[in-house]
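Using the sequences and the hints, build the whole thing.
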Amino acid sequence: MDTAATPKQRGVAAGIFSALVFLPVLFLSSLIAGREISRFYALAWALFAAGTAFAISYTGRVSFYRRIFFSVSALAFLLHFKFALFGASFEASSFKAAPFCHIAMAPYFLDYLYQQYLAFMSGGWRLWGPLTLGAAWLFITLAIGRGWCSWACFYGGIDDGLSALPGRPLLKIGNWVFKVRDLPAALLVFLLLASLAYMLPVYCLWLCPFKFGESFFDGDPGIRRVQYGLMTFALGALVLGPLLTKKRIFCSFLCPFAAWQAFWGRFNPFRISAEAEKCNGCLRCADSCPMSAIKCVPGGKAEILAYCNLCGQCLDACPQSGLRYTLFGSVLPAAGGGLAARLFTAESFFVFSALTLGAVFSSLWAPAALRDLIKLLTSGG
Amino acid sequence: MPALFSEGFLLGLSTGFYCLVSCLPLLAPYLLAEGSTAWRFNFGIFLEFLAGRFLAYMLFALLASLAGQAGRGALPGWLLPLSMLLCGLWMTGLAAFRVSAGSGPCPLKGGVNPFFKRLPLLLGFVTGINICPPFAAGFLRLLELADILKGFAYFGGFFAATSIFISPVMLGTPWVGARVKEIGRLTLLLAGLWYTVLGIRGLL
Chain A
0 MDTAATPKQR GVAAGIFSAL VFLPVLFLSS LIAGREISRF YALAWALFAA GTAFAISYTG
60 RVSFYRRIFF SVSALAFLLH FKFALFGASF EASSFKAAPF CHIAMAPYFL DYLYQQYLAF
120 MSGGWRLWGP LTLGAAWLFI TLAIGRGWCS WACFYGGIDD GLSALPGRPL LKIGNWVFKV
180 RDLPAALLVF LLLASLAYML PVYCLWLCPF KFGESFFDGD PGIRRVQYGL MTFALGALVL
240 GPLLTKKRIF CSFLCPFAAW QAFWGRFNPF RISAEAEKCN GCLRCADSCP MSAIKCVPGG
300 KAEILAYCNL CGQCLDACPQ SGLRYTLFGS VLPAAGGGLA ARLFTAESFF VFSALTLGAV
360 FSSLWAPAAL RDLIKLLTSG G
Chain B
0 MPALFSEGFL LGLSTGFYCL VSCLPLLAPY LLAEGSTAWR FNFGIFLEFL AGRFLAYMLF
60 ALLASLAGQA GRGALPGWLL PLSMLLCGLW MTGLAAFRVS AGSGPCPLKG GVNPFFKRLP
120 LLLGFVTGIN ICPPFAAGFL RLLELADILK GFAYFGGFFA ATSIFISPVM LGTPWVGARV
180 KEIGRLTLLL AGLWYTVLGI RGLL
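One line per chain: the protein sequences are A and B, in this order. Using numbering that gives the first Met the number 0, count along the first sequence one by one with no gaps and you end on 380. Using numbering that gives the first Met the number 0, count along the second sequence one by one with no gaps and you end on 203.
Don't take every hint at face value.
What the hints assert, rightly or not - Mimicking DSS-like on lysine-lysine, the simulated pairs with C-alpha atoms at most 30 Å apart in a straight line are:
(1) K300(A) to K180(B)
(2) K180(B) to K294(A)
(3) K171(A) to K180(B)
(4) K81(A) to K210(A)
(5) K277(A) to K300(A)
(6) K374(A) to K81(A)
(7) K178(A) to K374(A)
(8) K210(A) to K374(A)
(9) K171(A) to K7(A)
(10) K294(A) to K178(A)
(11) K178(A) to K180(B)
(12) K277(A) to K294(A)
Claimed, not checked - A few chain B positions that, by computed beta-carbon distances, are all more than 10 Å from chain A:
(13) A2
(14) E6
(15) G15
(16) A37
(17) F40
(18) M57
(19) L62
(20) A69
(21) G92
(22) F96
(23) A145
(24) A159
(25) F164
(26) L188
(27) V196
Stated by the list, open to error - Which chain B residues stay away from chain A? Per the calculated CB distances, all over 10 Å, these:
(28) A50
(29) L88
(30) G155
(31) S162
None of these hints come from the bench; they were simulated from the model. Owing to the predicted nature of the structure, the values given are computational and were not obtained by experimental measurement. Here a beta-carbon is modelled for each residue, glycine too, at the ideal position from N, C-alpha and C.
As structure tokens, then:
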């Protein structure tokens with residue numbers, strides 16, 4: 000966005016931009032949350048999303064305000080769905096159906112196809128219901144592609160928020176990391192095959208660090224110990240990894256959905272592109288990238304990998320302003336001056352899509368989490 | 000004999016999906032790691048893999064028929080986990096050495112005896128001795144038949160039918176590039192570790 004405009008021009012443009020985010024979020028959040036709780040909570044959530052939109056548009060700092068929104072959404076998810084498993088303070092869910100875990104969707108895809116084939120052959124047409132999940136995923140992929148992992152994933156917000164806490168990394172990750180950068184893709188292929196072979200959600204059973212319960216574990220004590228070990232390892236990657244390295248270790252190396260979305264995300268038009276002529280090879284962008292998705296190519300220039308999930312961190316880090324949001328690598332033609340020039344940019348379109356989608360999706364839990372919190376505070380625990 | 004071939008073939012046709020899911024975690028990563036964009040080369044790997052499987056099946060047909068003749072109606076319990084362990088160790092070793100092919104003791108470096116390049120054959124063989132449920136069903140039938148030639152015919156039919164189910168693994172290989180090969184090697188490593196753990200657990 001054009002930062003050369005006057006504060007007043009920036010304020011007006013940011014106001015319009017935040018209103019554009021606020022209206023659909025309020026409408027859809029009210030529909031979603033209003034089914035079971037007061038629409039006041041949906042209003043509060045929509046205002047928070049609109050505030051984020053205003054701050055991003057006014058300051059031009061995409062990643063900083065995105066991260067606040069993203070982390071709050073993830074904390075709300077933990078508060079409402081996960082902590083409810085342990086305490087009576089929170090209701091288990093204010094909704095009849097929890098959102099289906101998208102991370103499980105990718106490695107279980109072949110099993111799903113097989114089950115759908117069986118349903119089809121047995122005439123059980125009603126079992127095709129989960130196709131709505133596929134339609135939702137397709138919509139999300141076309142709207143924000145890989146941006147899901149930095150704007151809407153209710154687990155990614157934990158990793159991302161934690162990676163922002165340390166001032167500097169205690170452990171510096173070197174270039175060796177790019178030798179195993181395709182590990183999530185390999186993990187995805189392996190999990191697809193192993194899940195199909197055993198007709199089991201192998202990722203959920205063996206690696207998922209988010210399962211707050213023992214019902215997933217194997218009955219065999221030996222296998223159980225291995226499963227505990229792997230889960231602890233994944234939990235370490237999720238919590239300690241970002242605290243030590245300032246990188247999203249779990250999302251970058253252990254999340255099969257990140258690989259899935261990196262593959263399908265190429266069909267989405269939004270990109271972050273580096274301008275070669277502005278790049279002086281300082282590689283601050285690569286250092287700042289929490290996903291280890293920027294590497295130095297021969298000649299000292301930065302190359303953005305398919306694992307980039309458009310968080311915008313590199314835009315803030317580049318001293319030459321050599322990185323920007325584009326549509327398939329191209330900038331939009333200049334749309335006159337003033338407001339139009341500020342609003343009709345690839346960045347505005349992407350931030351609008353990602354923030355609106357993220358806020359609407361999190362309406363499944365964020366307004367309810369606010370309600371839980373107020374209830375907890377007013378009841379004194 | 001043709002009737003027994005047909006019987007084995009029908010068993011394979013009706014249960015081939017289980018063979019597919021048993022072989023896929025081994026064959027698919029291998030093809031990704033070692034295949035190329037040349038379809039013929041990949042088909043060669045596939046045929047070698049099938050040949051290895053065929054050898055394993057025939058060996059089992061022989062052993063089962065002999066066991067049937069001797070009146071022994073059970074397989075030793077350690078056989079399946081041991082075959083899994085061998086599979087796992089082989090895949091892990093292959094992936095680990097190939098991932099660091101620049102400096103590691105890569106068995107496929109130039110100049111080695113061509114015998115050591117017959118890896119798909121060996122992989123097919125160790126996959127073939129992984130006993131999946133339809134394989135076990137065929138094995139019981141052979142114990143009952145207790146005739147070596149009939150056993151060959153029966154398992155020949157079983158092999159032919161199950162190979163049809165495995166063949167779709169070739170579909171993705173025309174897109175094998177340097178990056179896909181690297182992903183395949185890492186997948187091979189993960190699958191190898193997985194089978195190693197399962198094998199050790201079974202033996203313990």
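Status of the hints after comparison with the structure:
no.: 1; hint: K300(A) to K180(B); in the structure: holds, 25 Å
no.: 2; hint: K180(B) to K294(A); in the structure: holds, 20 Å
no.: 3; hint: K171(A) to K180(B); in the structure: holds, 28 Å
no.: 4; hint: K81(A) to K210(A); in the structure: holds, 9 Å
no.: 5; hint: K277(A) to K300(A); in the structure: holds, 10 Å
no.: 6; hint: K374(A) to K81(A); in the structure: holds, 17 Å
no.: 7; hint: K178(A) to K374(A); in the structure: violated, 49 Å
no.: 8; hint: K210(A) to K374(A); in the structure: holds, 25 Å
no.: 9; hint: K171(A) to K7(A); in the structure: violated, 42 Å
no.: 10; hint: K294(A) to K178(A); in the structure: holds, 11 Å
no.: 11; hint: K178(A) to K180(B); in the structure: holds, 13 Å
no.: 12; hint: K277(A) to K294(A); in the structure: holds, 16 Å
no.: 13; hint: A2; in the structure: holds, 29 Å
no.: 14; hint: E6; in the structure: holds, 25 Å
no.: 15; hint: G15; in the structure: holds, 13 Å
no.: 16; hint: A37; in the structure: holds, 21 Å
no.: 17; hint: F40; in the structure: holds, 20 Å
no.: 18; hint: M57; in the structure: holds, 24 Å
no.: 19; hint: L62; in the structure: holds, 25 Å
no.: 20; hint: A69; in the structure: holds, 33 Å
no.: 21; hint: G92; in the structure: holds, 17 Å
no.: 22; hint: F96; in the structure: holds, 15 Å
no.: 23; hint: A145; in the structure: holds, 32 Å
no.: 24; hint: A159; in the structure: holds, 22 Å
no.: 25; hint: F164; in the structure: holds, 12 Å
no.: 26; hint: L188; in the structure: violated, 8 Å
no.: 27; hint: V196; in the structure: violated, 7 Å
no.: 28; hint: A50; in the structure: holds, 22 Å
no.: 29; hint: L88; in the structure: holds, 17 Å
no.: 30; hint: G155; in the structure: holds, 25 Å
no.: 31; hint: S162; in the structure: holds, 18 Å
When the structure is compared with the earlier hints, violations turn up for hints 7, 9, 26 and 27 and for no others.
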